[in-house]
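If you count the sequence shown from 1, position 95 lands on 95 in UniProt numbering, and the numbers rise without skipping.
Derived by calculation from the structure, the hints in this document are not laboratory data.
Virtual Cβ for every residue (Gly too), placed ideally from N, Cα, C.
Keep in mind that the hints are not guaranteed to be accurate.
What the hints assert, rightly or not - Ranges of calculated distance between the beta carbons of each label pair, as one might list FRET restraints: (1) L57 <-> L128: 45 to 51 Å; (2) I135 <-> S107: 18 to 24 Å; (3) L138 <-> M55: 55 to 61 Å; (4) T71 <-> D38: 22 to 28 Å; (5) Q66 <-> L132: 44 to 50 Å; (6) L125 <-> E98: 35 to 41 Å.
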Amino acid sequence: MTHASFGSLGAHSADGYEASTVRPYAVTGGRVRSALSDLPLEALVEVLPGAVTSMGLTPEKRAILQHAAHTYVSIAELSALLRLPLGVVRILVADMQEEGHITVHTSTPVNVHTGHGSSHSGLSLSVLESVLNGISAL
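Kindly generate the complete structure, drawing on both the sequences and the hints.
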């Protein structure tokens, strides 16, 4: 490979997008995980009031705020829009949530206790059967 094939900061690629030589580990400060980085792909990002005018944010964090400023955007969509790996976007979103710039909406699955496995809280099999019988009777 020649030096030109790596691109330079600000060089435009054939499809018109700006190429960057910043490595993903540099964007996350060398971290591969954070406390909240196990966010699902479909988690929706919402910008909190006043966050768009925040100072001192990296270009990647500003881009996240810009994309999610007027509508909910999933983490998968942000990854595609920013052209960054999913893991990097998860870490950035988790950091921004901890900093109070955004809120993340996830769907929480219902824990159903069916008589198998542990006895954690959840719906019992008899309750689910009763609901099914009630719906069938309609």
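Hint check results:
1. Range check, L57 to L128: Cβ separation about 47 Å, and the 45 to 51 Å hint holds.
2. In this structure the supplied range 18 to 24 Å holds for I135 paired with S107, their Cβ-Cβ distance being about 22 Å.
3. Roughly 57 Å separates the CB atoms of L138 and M55, a value that falls within the hinted 55 to 61 Å.
4. Judged by the Cβ atoms, the range 22 to 28 Å given for T71 and D38 holds: they are separated by roughly 24 Å.
5. Checked against the given bound of 44 to 50 Å, the beta carbons of Q66 and L132, roughly 47 Å apart, stay inside it.
6. In this structure the hint that L125 and E98 lie 35 to 41 Å apart at CB holds, the actual value being about 39 Å.
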